[in-house]
Amino acid sequence: MVRVTVLYFASLRDAAAVASESVESDAADLGALYESLRGRHGFALPINRLRVAVDGAFARWSDGLREGSEIAFIPPVSGG
Amino acid sequence: MKRFNLSDKPFGIVPLRDALLDAHAGAFASFEGWVRDHNDGRAVNGLRYEAYAALAEAEGERVLDEALEKFEIVDARCIHRIGDLAIGDLAVWVGVSAAHRDAAFAACRYIIDEVKGRAPIWKHERYAEGEAGWLHPEN
Numbered sequence: 001m002v003r004v005t006v007l008y009f010a011s012l013r014d015a016a017a018v019a020s021e022s023v024e025s026d027a028a029d030l031g032a033l034y035e036s037l038r039g040r041h042g043f044a045l046p047i048n049r050l051r052v053a054v055d056g057a058f059a060r061w062s063d064g065l066r067e068g069s070e071i072a073f074i075p076p077v078s079g080g
Numbered sequence: 081m082k083r084f085n086l087s088d089k090p091f092g093i094v095p096l097r098d099a100l101l102d103a104h105a106g107a108f109a110s111f112e113g114w115v116r117d118h119n120d121g122r123a124v125n126g127l128r129y130e131a132y133a134a135l136a137e138a139e140g141e142r143v144l145d146e147a148l149e150k151f152e153i154v155d156a157r158c159i160h161r162i163g164d165l166a167i168g169d170l171a172v173w174v175g176v177s178a179a180h181r182d183a184a185f186a187a188c189r190y191i192i193d194e195v196k197g198r199a200p201i202w203k204h205e206r207y208a209e210g211e212a213g214w215l216h217p218e219n
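Same order as they appear, the protein sequences are chains P and X.
Per the working numbering, the first sequence runs over residues 1 to 80.
Per the working numbering, the second sequence runs over residues 81 to 219.
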């Protein structure tokens, strides 16, 4: 088990009703972590429409979880 | 030096343009994105931008670095608003200086397209009929 901080933005934050939370997880990778949190919060967006970042840099869904890291799920962007 | 910035307040464009003045530059191109009163057939009253600030600034800076590599330009800047905006407000500003106009136009286009496509910034629109929602475009 590792403890990580998860950040939510835009529609994911609305669905989770929090901007961030501390999560204890034994997920094999970032993709599995998203799926478990999707089950808990009912996120509408499937994984193939998101990107993921760890500690402020884009990461891969197949990356493992590191103790104490900050993980952000990035919904499709709409700036400009 | 930081070339990309997020701003939670309205900003003036004259100082931004002045910062790009350069004896080597014969051309300046800029792009302004404004908040419009409609989207996808719905009337819009206003909007809010939210960003993952650390990553948006890093990615925005990367886009500007790329523009400086790809095009024969002297310098470039981009500022994107976050927070609540009203119809007509300036949402994003891009400015590019170059020796010649072709590179200035091309780099300006590249910067706005890439920032829109990559920087983690999200638009929350308030519709005239009372609903509101996040935009998560398909592409």
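The hints are simulated quantities; they were obtained by calculation from the structure and are not laboratory data.
Treat the numbers as computed from the prediction; the structure is a model and nothing was measured.
From the three backbone atoms N, C-alpha and C, an ideal C-beta is built for every residue, glycine too.
Among these hints, one or two may not hold up.
[Said to hold, decoys possible] Residues of chain P placed beyond 10 angstroms of chain X at every Cβ, according to the derived structure:
| no. | residue |
| --- | --- |
| 1 | Met1 |
| 2 | Val2 |
| 3 | Ala10 |
| 4 | Ser11 |
| 5 | Asp14 |
| 6 | Ala17 |
| 7 | Ser22 |
| 8 | Ser25 |
| 9 | Ala27 |
| 10 | Arg38 |
| 11 | Ala72 |
[Said to hold, decoys possible] Result set (SDA-like, lysine to any residue): computed pairs, CA atoms no more than 25 angstroms apart in a straight line:
| no. | chain 1 | residue 1 | chain 2 | residue 2 |
| --- | --- | --- | --- | --- |
| 12 | X | Lys196 | P | Ala44 |
| 13 | X | Lys196 | P | Val54 |
| 14 | X | Lys82 | P | Gly56 |
| 15 | X | Lys196 | P | Ala19 |
| 16 | X | Lys196 | P | Ala57 |
| 17 | X | Lys196 | P | Ser25 |
| 18 | X | Lys196 | P | Leu45 |
Now for the hints, and whether the structure bears them out:
The Cβ of methionine 1 (chain P) lies farther than 10 angstroms from every Cβ of chain X, with a closest approach of about 26 angstroms, so its non-interface assignment holds. No beta-carbon of chain X comes within 10 angstroms of the beta-carbon of valine 2 (chain P); the shortest separation is about 21 angstroms. With a least beta-carbon separation of about 4 angstroms from chain X, alanine 10 (chain P) fails to lie farther than 10 angstroms from that chain, contradicting its non-interface assignment. For serine 11 (chain P), the shortest C-beta to C-beta distance to chain X comes to about 4 angstroms, within the 10 angstroms cut-off, and the non-interface label is violated.
Listed as outside the interface, aspartate 14 (chain P) is inconsistent with that label: its C-beta sits roughly 7 angstroms from the nearest C-beta of chain X, within the 10 angstroms cut-off. Consistency note on alanine 17 (chain P): stated as away from chain X, and its beta-carbon is indeed over 10 angstroms from all of that chain's, at 14 angstroms minimum. With a least CB separation of 18 angstroms from chain X, serine 22 (chain P) remains clear of the 10 angstroms interface cut-off, as annotated. Even its closest Cβ contact with chain X, about 21 angstroms, leaves serine 25 (chain P) beyond 10 angstroms, as expected for a residue assigned away from the interface.
In this structure alanine 27 (chain P) is separated from chain X by more than 10 angstroms, as the shortest Cβ-Cβ distance comes to about 21 angstroms. Against the 10 angstroms criterion, arginine 38 (chain P) stays outside the reach of chain X, whose nearest CB is about 15 angstroms from its own CB. Its beta-carbon lying about 6 angstroms from the closest one in chain X, alanine 72 (chain P) breaks the requirement of being farther than 10 angstroms from that chain. Between lysine 196 (chain X) and alanine 44 (chain P), the direct Cα distance comes to roughly 22 angstroms. Compliance with the 25 angstroms bound is thereby established for this hinted pair.
Among the hinted pairs, lysine 196 (chain X) with valine 54 (chain P) is consistent with the structure: their alpha-carbon atoms are about 21 angstroms apart, no more than 25 angstroms. The suggested pairing of lysine 82 (chain X) with glycine 56 (chain P) holds, with an alpha-carbon distance near 17 angstroms, which does not exceed 25 angstroms. A C-alpha spacing of about 23 angstroms is found between lysine 196 (chain X) and alanine 19 (chain P), which places the hinted pair at or below 25 angstroms, so the restraint holds. Restraint check: the Cα-Cα separation between lysine 196 (chain X) and alanine 57 (chain P) comes to about 18 angstroms, which is no more than 25 angstroms; the hinted pair holds.
Pair hint lysine 196 (chain X) plus serine 25 (chain P) does not hold up; C-alpha atoms about 33 angstroms apart against a cutoff of 25 angstroms. Only pairs whose Cα atoms come within 25 angstroms are accepted, and lysine 196 (chain X) paired with leucine 45 (chain P) is accepted, the gap being roughly 20 angstroms.
Taken one by one, the earlier hints fail for this structure at numbers 3, 4, 5, 11 and 17, listed in ascending order.
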